[in-house]
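Kindly generate the complete structure, drawing on both the sequences and the hints.
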Amino acid sequence: MKNIIFLAVVLLMAISSGGQTLQTVTQAGNTTSLPILLTGGDVLGPVNQIQFKINAGILSEIGAYRVGASGQLTDLYFSTGSSSVLSERLRITHAGDVGIGTSNPQQKLDVGGNLLLRNQVHQAGAGACIFFSSYKASHAGPRIRSYLDYAGGSESSSRLILSSYNNGYEDELTLMQGKVGIGMLNPTEKLWVNGNIRAKEIKVENGNWPDYVFDPGHVSMPLLYVEQFIQKNKHLPEIPSAKEVRENGVTLGEMNSKLLKKIEEMTLYMIEQHKRLDKLQSEVDELRKGNRSFIL
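Per mature numbering (1 follows the signal peptide of the UniProt record, and there is no 0), the sequence shown runs over residues -22 to -1, 1 to 274.
None of these hints come from the bench; they were simulated from the model.
Please read all numbers here as calculations on a predicted model, not as lab measurements.
Just so you know, nobody snuck in bad clues.
Simulated crosslink set (DSSO-like; lysine-lysine; CA at most 30 Å straight-line):
id: 1; residue 1: K181; residue 2: K221
id: 2; residue 1: K168; residue 2: K236
id: 3; residue 1: K157; residue 2: K221
id: 4; residue 1: K236; residue 2: K157
Next up, the structure:
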């Protein structure tokens, strides 16, 4: 019986000691008298580590990394991995730069890899956003945001919007399904600009250039029919009307081709007129010679 009681007491002590905390550090308005202090050697490289182990394997580690021999400059790094290999995942430098996937960050946040921004609001219009502020939070700057057009389970359609700020956000650039909109949220062309464009040069390719007008077999519309068409429709044949241009705009390549065709046809008309005038002038000259001979 004594052996049974002794065994029960030992078992209770083991269970009780297994649930104990080695040290609890608290602070209630005063400096704690139980700080956790890690000290290391006066060397470059890792000097202090907090390691997390399972059995004999180290699964993760937080440590200080001394980077300057002449001073006390240290970085803080975080490593994870397997029980045999640890890899540094994040570092905070002595200058306050944060590196993810890099041990030598060059900016306040330096990410060596892809970056995923999430917005857990799964509804149309909502999306993750990056804000830029040139001074402080109350001075808004430009932003880049995603815009969810459709959210239906695993399927979605979205666009990327760049906005500037001037007493309110103004959406300026939109990327949507391979299309770009400037001043336009819903571009339907590869590039849609809602405003004026100024450029040094614009190159438009067109495979239907109207040199066929000069082919011997080409027949241009007689001038009489051109006159009748203009009187009836108030614009040239094959050229859109003012109403059509207001409603649909014009395609530069196609319009240049049509205008060139009209110029080429007009040139042919002028050449034909010149031939007729030359012929008439020759006939007039012959008549004048005949008249002078008759008078003499």
